[in-house]
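> Whole structure, please, built from the sequences with the hints as guidance.
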Amino acid sequence: MIIYLRSLFCTFLFAISLSTYAQDFSISGKVVDVNNDAIELANIILFQGEEKEFLIGTSTDDKGFFNLDNLEEGTYYLKVSFIGLEEFEQKVVLTGNLDFKSIILKEIPENLDEVTIVAKKPTITRKPDRLVFNVENTALTEGSTLGVLRNTPGIIVSDGGINIKSAPAAIYINNKRVQLTSDELMQLLESAPANSIKSVEVITNPPASYDADSGSVINIIMSKNLVTGYRGSVQTNYTQGVFPRYNAGTSHYFKNDKINVNVNYSYTNQKINRDQDDRVNYLDMSNEIDEIWNSNVNRNTWTETHNLNLNLDYFIDERNTLSLTSTGLYTPYFKYKIDNNTNIFDADNNFLSSFTADNLSRDNKFNIGTDFVYKHDFKNASSLTFNAHHTAYDYERDQKVFQDEPIDANDSQFKTIANQDTQILTGKLDYILPLKNSSSFSAGLKFSNVNTDSDISRFDIINGEEVLNSNNTDAFVYDENVFAAYSNFSKSWDKWEVNFGLRVEQTNIEGKSISLNETNKQDYFNWFPNASVTHNVSDNMSAYANYKRSITRPSYTNLNPFTFFLNENTLVLGNPNLVPTYRDHYVIGTNFLEHFTVEAYYMNYDGNIAELPRQNNETNIISYTPTNLDKKTEYGFDFSFDYYPTNTWNLYFVTSFYNITEESNFGEGFVKQDQWSNYSLINNNLSLLHDRSLNINLAVYWIGKNLQQFQVIEDRLASELSVSKSILKRKGNISLSISDLFNDQDFYSSTRYLNQSSKTFIDLDNRLIKLGFSYKFGNTKLNTNERSTSEEGRDRLKDLN
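So that you can map any letter, position 141 of the sequence shown is 133 in my numbering, and since no number is skipped, the others follow by simple counting.
If you are wondering where the hints come from, they were derived from the structure by calculation, not from laboratory data.
Do not rely on the hints blindly, as some may be mistaken.
Derived pair list, reagent style SDA-like, types lysine to any residue, alpha-carbon separation capped at 20 Å [said to hold, decoys possible]:
| no. | residue 1 | residue 2 |
| --- | --- | --- |
| 1 | Lys119 | Glu591 |
| 2 | Lys697 | Tyr627 |
| 3 | Lys327 | Tyr259 |
And the structure:
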């Protein structure tokens, strides 16, 4: 293995060395105003030949510098422009490297109607309600989308999902909700290449136009063509973890006067390993240890996945646009295998007995979400947008379990067949009206319907024959309707900016258990206000405050009363009596001296939903059951620092100290737990070589001991090093990344309250080495822009596992 990795690394370095000898001529300079102050984001365009054909474009950095490289000998025209300043144009006969030194742009009395700015943004942008992480032209774009999220400040990617600190995050792509289950979402983001990502928005205070269940949002902004033309790319990567993984994909962009098309496809073939050591202390009536169950669990997952994303805009005329967006995930092969070996001891660690439990599951599923959007722009600059959405989700699982019981008990063998079909229909209308004096008003209506039909059948294998187990066989029909309306007003003047919004939602839910002949109904109406205010105290300091109320509805499967067995001693139970969680989120903060941000926040959860492992000390069974906690609060302080030590080096540091308190009455008594924790991240992004074609990113983040659903999660240290090198005149790119450099990302979790006592060590398959290659073709010299709409949907789909 070591020899193999050395060979890969040597190949990587050899390719880098070859590309460094292929340098052509360059044009560079600095753009300043009449006061000799640097102009950031000035537009730099280079035309070729006397016909002035567009060749390449860029923009100045925060120091006013620009560089155009990989140029051949010949005649060019250089044009430099910035809004409100006179253009600079110069004929250039290039015979070698040319440095313009300083280019001065003078003021003009009138404003330009329109100037297209093509810019390389800084890595971090702070706004009152969100953090924008710009990843274009960094080494991160040569990895996966999930890899980008792992390196985004404030986001924690774990085996259980994607959180903004401790709060689950809703995932959007170009402002459209991704309608996938948690597991499918992780698969999609891991297999989707990051080379089409412009930025990631971490939105902690979403406006009223977002659904009320979007308490915290991660919005991934993808790129599209800026001007007419075609460009495409292909990419592939090889990842070595415990087992090898393969991924390949292609992206295509096309635009003319009428159509803007973006198509992405990727294929993933992977096998992922996970080891887990469990210790459960089963207690007697005095809460003293009666038996100790030590389990060694090995899980392997084989997956083949096809992902397809389509974005199509049709410009009917200058005021009317039709758009089609579709995200599809198809998994024709999914195998999930668990090997469990459990040893049982008495309180003095004397061996009593042992058993094995093997679980083999095979899934077949697809998930297709489609949006149709019509937008009309009125002459008064207002706009009206209608969005229709449909999600079709189909899931099948065939599971077989064999448990070799202790010598004094009978072995058990059974199989289950589970199916789920979900249909989501949504209609939404949004109106935006710009007002005088830098004000804006928006309002909208939305209706959504969710219908899911699922069933589960268990067959016990007795003397080689399949016998239906009617006690664990059921069918469940779920129907949900949500009616919503919102309005939002924003205004800015002098040094102030305010934003107020209100959303109201009426929810009607009906869940029917066919076999049990039980029906659960819920009807509730709620108000969801949000507000933010910003004050620019001075040129180097601003202060802000915001508030947001949101809701988290139970997932469809959590309300489903099914009992799903991982083995005879570990099962997952639904809870039809769950009610929604309401969260109130308060934030105050300040930005000062350009590089610093300090923020304090408080979150209160009413009825927080937690899927708790609950051990039964009489039956020796652990049940994972979703439960509404009585109360949960979280408060803390964030400090961040964003700085460019040089033009080619960005340094970002953030640290957060926060406290989580959870309270609940479990029938056996009242429990209250609290824990202070720390989350810290330091991220370095460095560009090297004369043409900045070698990019290095190093991220190290610390997740301190914290509390999650009455489980204490111990310290973790995560890290990732990414290196990418542009080759073949910037059309190609090779990349190398290494994850979990210090082998300290695995963690312990423990549960200890009342009559619950257990501890788990989870060894994830996260020490990875990835080697990738991508190649761009077509009009590769064009940069990209963003066009998006604002449809939100549901992501409360959840597998029966």
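> I'd like to know which numbered hints this structure contradicts. Please list them from smallest to largest.
none
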